[in-house]
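Undergrad: Letter by letter, the chains look like this.
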Amino acid sequence: GDSVTQMEGPVTLSEEAFLTINCTYTATGYPSLFWYVQYPGEGLQLLLKATKADDKGSNKGFEATYRKETTSFHLEKGSVQVSDSAVYFCALIIQGAQKLVFGQGTRLTINP
Amino acid sequence: DAGVIQSPRHEVTEMGQEVTLRCKPISGHDYLFWYRQTMMRGLELLIYFNNNVPIDDSGMPEDRFSAKMPNASFSTLKIQPSEPRDSAVYFCASRFQGAAGNTIYFGEGSWLTVV
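In order, the protein sequences belong to chains B and R.
Residues in the first sequence are numbered from 25 upward in steps of one, following this note's numbering.
Residues in the second sequence are numbered from -10 upward in steps of one, following this note's numbering.
Mixed in with the good hints there might be a few duds.
Claimed, not checked - Covered, in the sense of this in silico footprint (three residues per stretch, anywhere, with C-beta under 8 Å from a C-beta of chain R), are these stretches of chain B: (1) 62 to 76; (2) 119 to 125.
Stated by the list, open to error - Dumping the calculated BS3-like pairs for lysine-lysine here, alpha-carbon to alpha-carbon at most 27 Å: (3) 57(R) to 84(B); (4) 92(B) to 76(B); (5) 13(R) to 123(B); (6) 123(B) to 67(R); (7) 92(B) to 80(B); (8) 13(R) to 57(R).
Read the hints as simulated data drawn from the structure, not as lab findings.
By construction, the Cβ of each residue, glycine as well, lies at the ideal position given by its N, Cα and C atoms.
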């Protein structure tokens, strides 16, 4: 079946550090890939997405590249801020299907 | 544009009581989803609708849960009777089939505590 695996959390970094959150997937069809972010006490917000191989999604300084050869969609940011502290979810949806499949989430804490 | 709107944002209720969660999807969207988030199980799809018709309710945990979508701008998720293990965040989400990228947009969630 379809699944998403994220790196285990929690992740704690200092402000201005480089961030990578790994995400790999298994898909029975051709997926679109997403990163959602959940700030404390809030709902899920779409952070970025990519719909085909080699596409790069970007938003708020975050980037992720759809790598079909490695079935990965790792999230990166060059210099994190305290305000980036949140839970990050990698997700996929197969074209033609309706179910969004989520990873388990990675809690990120940025210390000043 | 207004996003997905859910109410109530927070609810505390006693075991055995009926709970009704409400959702207004983004205007023009033809799919509506109900998800549940818990620490133990993460994000689970409970049910989804297409053009107000329930398509897949295989994620609904048991008969105490029911969902309706009487029109394109409103849906409810009802729990009767509620139990402490139903405590979770319930998200409503919607999407438009014709939009590129299959993006699903989520509401702020209804944070339910059953005591």
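Undergrad: Taking the hints in turn, state whether each one holds.
TA: Results for each hint:
no.	hint	result
1	62 to 76	holds (count 7)
2	119 to 125	holds (count 4)
3	57(R) to 84(B)	37 Å, violated
4	92(B) to 76(B)	8 Å, holds
5	13(R) to 123(B)	20 Å, holds
6	123(B) to 67(R)	21 Å, holds
7	92(B) to 80(B)	12 Å, holds
8	13(R) to 57(R)	12 Å, holds
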